[in-house]
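*Asks:* Sequence:
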Amino acid sequence: MTDTTPRHQPRQDADRRSVVLVYILFLIGLCTGGLVSIAGAIIAHTKSNEVARVYQSHLDYQIRTFWMGLVIGIVGSLLLVVLIGIPILLGLFIWTLVRCIKGLMAANDGQPIDNPQTMLW
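Taking the numbering used here, the leading residue of the sequence shown gets -3, the next gets one more, and so forth.
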């Protein structure tokens, strides 16, 4: 009997692991105030021109998540003084969590992100 299961190329497996690592660092960053997310953003930026096409959309999505999250996080932190920052930071937490979970699910299935430039999910 022959095995008809498609095998991933070693390069794509390494690319997938890099993408998954960045998502995990972003999730850990939710618990560290975003500090660990910086390492994830550095990895995403350095790998962005090296990965297979299917994972390129993930890196674009991750880079956008980091920079948008940074801006929203700064604004939310500044607005904590007038208490409006609390719902902004809570929304940022949920937004980042959903984007990371969606991305992890797609990466594990070997699927690209449909629209990596979206502001939502």
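Fair warning: there could be bad hints in the mix.
Okay, the calculated beta carbon distance ranges per label pair [stated by the list, open to error]:
(1) L31 x I97: 35 to 45 Å
(2) M115 x A10: 22 to 32 Å
(3) T28 x M64: 16 to 26 Å
For the record, the hints were derived by calculation from the structure and aren't laboratory data.
This structure is a prediction, so every number in the text was calculated from the model and none was measured.
Virtual Cβ for every residue (Gly too), placed ideally from N, Cα, C.
*Asks:* Against this structure, judge whether each hint is valid.
*Replies:* Cross-check of the supplied hints:
Judged by the Cβ atoms, the range 35 to 45 Å given for L31 and I97 is violated: they are separated by roughly 21 Å. Take M115 and A10: their Cβ atoms lie about 30 Å apart, and the range 22 to 32 Å holds. The hint said 16 to 26 Å for the Cβ distance between T28 and M64, and at roughly 18 Å that hint holds.
Consistency note: the structure conflicts with earlier hint 1 alone.
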